[in-house]
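J.: Please build the complete structure, drawing on both the sequences and the hints.
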Amino acid sequence: MDTASSQIGVKEIFGSKHNPFILDYHATTGGFKNDETPWCSSFVNWTFKQNDIKGTNSAMAMSWKSWGQNLGKTPAYGSVAVFSYGGGKGHVGFVAGQNASGKLIILGGNQSDQVKYSAFGTSQISRFVYPKGHTPNYTLPKMSINGNTSFKSTR
Numbered sequence: 001m002d003t004a005s006s007q008i009g010v011k012e013i014f015g016s017k018h019n020p021f022i023l024d025y026h027a028t029t030g031g032f033k034n035d036e037t038p039w040c041s042s043f044v045n046w047t048f049k050q051n052d053i054k055g056t057n058s059a060m061a062m063s064w065k066s067w068g069q070n071l072g073k074t075p076a077y078g079s080v081a082v083f084s085y086g087g088g089k090g091h092v093g094f095v096a097g098q099n100a101s102g103k104l105i106i107l108g109g110n111q112s113d114q115v116k117y118s119a120f121g122t123s124q125i126s127r128f129v130y131p132k133g134h135t136p137n138y139t140l141p142k143m144s145i146n147g148n149t150s151f152k153s154t155r
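For what it's worth, my numbering labels the leading residue of the sequence shown as 1, then goes sequentially.
In short, the hints are calculated from the structure, not lab data.
Treat each hint with caution, since some may be false.
Said to hold, decoys possible - In silico DSBU-like cross-links for lysine-lysine, where the CA-CA straight-line distance does not exceed 35 angstroms:
#	residue 1	residue 2
1	K132	K33
2	K17	K73
3	K103	K49
4	K132	K89
5	K17	K54
6	K11	K132
What the hints assert, rightly or not - Label pairs and their in silico Cβ distance ranges:
#	residue 1	residue 2	range
7	N137	K54	18 to 24 angstroms
8	S16	S144	20 to 26 angstroms
9	Q124	F14	34 to 40 angstroms
Beta carbons: idealized from backbone N, C-alpha and C, even for Gly.
T.: Rendered as structure tokens:
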């Protein structure tokens, strides 16, 4: 989680220029040349690569459904939350904690066009996955991040 949180604030540059950090994330999944291509999965892959963990190497969020240990519907600290919005569309990010109203705090890329913490309900999370060979910690820190993030903010 330290690697992912070190990237908080990285955001898209609108127009013809592109954020080199986001292009680095994309380099782990096929090398897209702009920061407007959805990049949540690229961010997760990049984060794992920095920690010598093999990701999916795919820019598709739904590629994470069959990766690692399937934790089902039980979140663990640092697990990858796999959101399914239908039609092959989705979002991925790291479980960072939970707020007082029970929403999960997800640290992810391409959340309102940047790396940030966002509060999500769990209704569209299809599963949580965790790296094979690592032991999940099911104790989630309490965090004071509120709001309700939607599909629109992950596009």
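J.: Work down the list of hints and note, for each, if the structure agrees.
T.: Status of each hint after checking the structure:
For the hint pairing K132 with K33, the CA-to-CA distance comes to about 31 angstroms; that is within 35 angstroms, so the pair holds. Between K17 and K73, the direct Cα distance comes to roughly 39 angstroms. Violation of the 35 angstroms bound is thereby established for this hinted pair. Between K103 and K49 the alpha-carbon distance is near 28 angstroms, which keeps this suggested pair within the 35 angstroms criterion. With a C-alpha separation of about 25 angstroms, the suggested pair K132 and K89 falls inside the 35 angstroms cut-off, and the hint holds.
Restraint check: the Cα-Cα separation between K17 and K54 comes to about 30 angstroms, which is no more than 35 angstroms; the hinted pair holds. Using a Cα cut-off of 35 angstroms, the hinted pair K11 and K132 holds, with the two alpha carbons roughly 30 angstroms apart. The given range of 18 to 24 angstroms is respected by N137 and K54, whose C-beta atoms sit roughly 21 angstroms from each other. Roughly 38 angstroms separates the CB atoms of S16 and S144, a value that falls outside the hinted 20 to 26 angstroms.
The given range of 34 to 40 angstroms is broken by Q124 and F14, whose C-beta atoms sit roughly 27 angstroms from each other.
Checked against the numbered hints listed earlier, the structure breaks hints 2, 8 and 9; every other hint is satisfied.
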